[in-house]
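Residue numbers (this note's numbering), protein chains in the order written: chain A, 1 to 330; chain B, 1 to 330; chain C, 1 to 330; chain D, 1 to 330.
Worth double-checking, as some hints may not be accurate.
Which copy is meant is left open, so a pair is good if it fits within one copy or across any two.
[As the list claims (entries may be wrong)] Straight-line alpha carbon distances no greater than 16 Å define the calculated EDC-like cross-link-like pairs of lysine to aspartate or glutamate that follow:
| hint | residue 1 | residue 2 |
| --- | --- | --- |
| 1 | LYS137 | ASP99 |
| 2 | LYS303 | GLU194 |
| 3 | LYS250 | GLU301 |
| 4 | LYS35 | GLU293 |
| 5 | LYS303 | GLU268 |
| 6 | LYS303 | GLU200 |
What the hints contain is simulated information worked out from the structure, not anything from laboratory work.
There are 4 protein chains.
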Amino acid sequence: MNRQYYGSGEYRMKAGMKTKPAHMSAHEFDELFQKVCNWGRWGPNDERGALNYITPAHVRAAGALVHSGRSVSLSIPINTVAGPDNPHPAVRYMVQTHDITYDLGEPTFCLDYIACECHGDCHTHIDALCHIGYKGKLYNARPVSSVTSHGPTSMDITTYAHGIVGRGVLLDIPRLRGIKWLEPGEAVTREELEAAEKAEGVRLGEGDIFVFRTGHHRRRLELGPWNNGYDGEGKAGLHSNVMLMLHERKVAAFLPDGDGDTVPSNVEGVAYPVHTLQIAAMGMVAADSLQFEELVRVCEEEKRWEFMVVLAPLRLPGGTGSLFNPIAIF
Amino acid sequence: MNRQYYGSGEYRMKAGMKTKPAHMSAHEFDELFQKVCNWGRWGPNDERGALNYITPAHVRAAGALVHSGRSVSLSIPINTVAGPDNPHPAVRYMVQTHDITYDLGEPTFCLDYIACECHGDCHTHIDALCHIGYKGKLYNARPVSSVTSHGPTSMDITTYAHGIVGRGVLLDIPRLRGIKWLEPGEAVTREELEAAEKAEGVRLGEGDIFVFRTGHHRRRLELGPWNNGYDGEGKAGLHSNVMLMLHERKVAAFLPDGDGDTVPSNVEGVAYPVHTLQIAAMGMVAADSLQFEELVRVCEEEKRWEFMVVLAPLRLPGGTGSLFNPIAIF
Amino acid sequence: MNRQYYGSGEYRMKAGMKTKPAHMSAHEFDELFQKVCNWGRWGPNDERGALNYITPAHVRAAGALVHSGRSVSLSIPINTVAGPDNPHPAVRYMVQTHDITYDLGEPTFCLDYIACECHGDCHTHIDALCHIGYKGKLYNARPVSSVTSHGPTSMDITTYAHGIVGRGVLLDIPRLRGIKWLEPGEAVTREELEAAEKAEGVRLGEGDIFVFRTGHHRRRLELGPWNNGYDGEGKAGLHSNVMLMLHERKVAAFLPDGDGDTVPSNVEGVAYPVHTLQIAAMGMVAADSLQFEELVRVCEEEKRWEFMVVLAPLRLPGGTGSLFNPIAIF
Amino acid sequence: MNRQYYGSGEYRMKAGMKTKPAHMSAHEFDELFQKVCNWGRWGPNDERGALNYITPAHVRAAGALVHSGRSVSLSIPINTVAGPDNPHPAVRYMVQTHDITYDLGEPTFCLDYIACECHGDCHTHIDALCHIGYKGKLYNARPVSSVTSHGPTSMDITTYAHGIVGRGVLLDIPRLRGIKWLEPGEAVTREELEAAEKAEGVRLGEGDIFVFRTGHHRRRLELGPWNNGYDGEGKAGLHSNVMLMLHERKVAAFLPDGDGDTVPSNVEGVAYPVHTLQIAAMGMVAADSLQFEELVRVCEEEKRWEFMVVLAPLRLPGGTGSLFNPIAIF
């Protein structure tokens, strides 16, 4: 979740805000925000948030999960094709091919160039904690005014410069339900997550990386792209109150296909409540627009839904996020 | 190593080709090329090259190296400042900050944008095997004409889409010599690498990821940037015939600071002989412009020079390389 | 006309080549190509093509057309919104606003950044003569191989560096027909152009800048964007054999809304016959994707369909074209 | 004038603010600001500022200046080479060449891509009136907060969408002095401008476009680039109090080589006083980084220093400026 707008000045939400009944009032949302809020938990200067849950012991345990030696990408190929869910496609151009460097002797080189927004529904990316503000505040009570046109003064993506390593746990909801994918607008509850844990024989715990599959990308592969924003069909995701469970369980990171949020939102006046809670309140590592279609095949073959995960965002000073290629290792 | 030119049409090499005595004749180089050539070794359709040396057992062994749970980046922060070694700086702009999204209600978002060449002496990156051609051929005898203005038809960076995981072994030459860094133009020999192995108690072997430190980045941090190309002061790197050793040892990947090559080249008529051999002949995973200043501190504290390495290039179809953030895990 | 592809490697023409009856055989087209061919007309080294028709006397005459002192843009606002006719939207980002420069004292600055392909159906632009090749040749028999991954070695957009100034003549076909716009696929004939000349009291002559209105942009403003390529609905334009008339009349430049070509093409095996003839054969100044909705109001008020035109492409070495803002002065 | 910074967060001015004696106090500057201030002159909603001085009669008179039919560019070729005065070089890449479109039949296309900041000392550009704020205000008392991360809400570059047409008058100071160029830091006074008027037989008047030559670009061509910012050698320009003369004369637009300002500034605490006065106070059309080396040859041959000028900025909604190619017509 991230790009709210379609073109210059034309806001998706404005344009077509769906009028689904609000299941949670603004007041109830604020209460929930307070319940899961980690501000001050790791001191007033903390910028790592829920990443603090990952201790050296968790990393060691993650390393011990490597048995078969298979690795698999959780990233969508970077998408340069404009479409209803990709209004700001990446551009990739060749800078040089092997055609003219012969004059210079050997060898010859080819080079390319890429330009992209660091967020977007068609680009697997990780968010920095400065990405989302709620009522004027970022995580740990930093003011949103700390982000100017030159970028954030703290909590940029270099907070994660040395990588994020831990145990990934996949909860595969379409597998649980015996379907191909969840439909846009469907929200997954705590009960369903617990049922998935049971079915897979795993339990999300402290310092874990929660890998959450709705089948969003499979739907896209089979049916083609759709407008998954507020003025379109939306997307499947979590119920907002699932964040309480993730808070109790001390989950460190959340990797969904889609972006984790149910669109349209079921909260009065808050567009992306899951993002808001996980980033602004909890300081949780947030990524979105991943894909697990290769992962699920490996999980089925390996008969396990836990694995080592390594996240290595680009080391981009001032970055509000980063394209990246999350890797699961079995 | 990669960007040969400085500006449009003005070639660095052309401009100032240094006239160091050629220690290796063109004929001798071709013989060396044949000796280390892996064309056909893994079949005519192979696109993975020396990455084939990394077996599941190597990955499992790499996972078993995780003890202390520390992870460290081997990447330079992405550099947006033009300079003598950065003629094509990355650009990063804010797309949106928290200042105007209030009209849309909560939450607010900030976003940014990045544009960059996928190679360059100031951007830690990995090369695809299509990146370098020698005498009209890429690795595994593919013609260079398979790379057009739309990009490569094979051996692009998505060959490595599922990540590269293995054992990293750091050979730290300044440590061996008791100095801060090697000076531009200095070439490291097989004998010196073997002495470093002995000093550190490690041995580069089959399927390993060779991490090679000349102190290039430390020199830059302390003395500032310099022109490290053929029309400038150059850079420290390997002697070309070290590639024979890496071939015998069946090394899978090579991660240098600098770019691995000694500049100027000691080979008659071949500008980047190490790159040429490792990529075009051997099909070895090649990265360049890493930094190990944080890594060496961890190695000294941990008293070990081997560690798990995870490389996760962006999943960019057609990419001739990728910015990335290589992670070492102890 | 210009962007033939939709995304990376997926060609529009391939995807959905319409099967309209071919009105002109490949052989007939080649005969037409020969009839309008200006290769060698201004010497073997000429790079200006039909621009040679504009003499100082024509420029002086154009200056003399300035009476009322009104000027009007013929450019579409640069379009950053992806859509069926804009798969590669321009990007524009703020680099700096006035929010953080206060520390430096006065004054404060705001800056922005733009990135765009130099062609495209939603970006008013001019083509360089290197833009189009036919059977391996550019205008004046230059080989297409003179354009490499570094750009063209001749006939780039800097050929027009000092601007193009002349008399513009608008032939407004919807006005002639008494309709709002031509429908996609409709082709305008010589007879119809001559009828428009008569209706407006003008005559296209030597050195003139032909401004050709189909109402393409008005249709877009009223009905919204559509896919105007070969796999879509197409667009209105000229009949290929109108180029004979433009050749006889010694027209110097052609400024259409749409891109001048009728899509789908009525020529067997040639996708954009008008572009091919005007650029590769005739060396005519070619621009496309202009809009005349403001111009027509001024023409009606001024009761004249001729005016001074000034074209000032960016001075971009190696450019195959340029975004620009053509100005008509009355 | 425009790019104040060198790299991300490192400000040139901060780094090396020169300590030349302040010839004008902050108070005196504010008085000067008031004297030349046009706020409210054309009503509270005016966004055109001094451009209002150009009436239809001026445009007609400009057309009447076209005699010999020669046109000449006042633009530097767009510069893709990083250097001390070009820390953010433009990038230009080929998107497609003629190499692979053969599969699709005829014709073949080549395309390119450009990305650039809209300001910068090596890119001939025009500023929008929103570009500069003084004490929190833009021209006509608009608050600087009207420019957010999404761009300006008024006075963007589309204010000039229909082009700027008028009489250009070149005052060539090196010609007056009989030298090749002014040295960095030299400031030109009213007396010297009036002497140049006399020498050339022209007089700057109401609605004129003032073309001001210091020889900045000739110096660059002959001596190479230098750091012309506040932490470098600086540049030649106008004395701040010349703006009183331009105000009295009702000049509409100002086109300098360099950027018009003398660097370092001779005003206490104000970095670019000429820019500040012309844009924020007077609402004058401001461009910078032009070159007149071709123009002066034509002026000498034509024996006149007045000519028609056409300025056609890109029609970029939200643009704070635009690369452009100003054209003089004789």
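Subject >> Violated constraints from the hint list, given by number and in increasing order >> reply: Going through the list in order, the structure violates hints 2, 3, 4 and 5 and respects the others.
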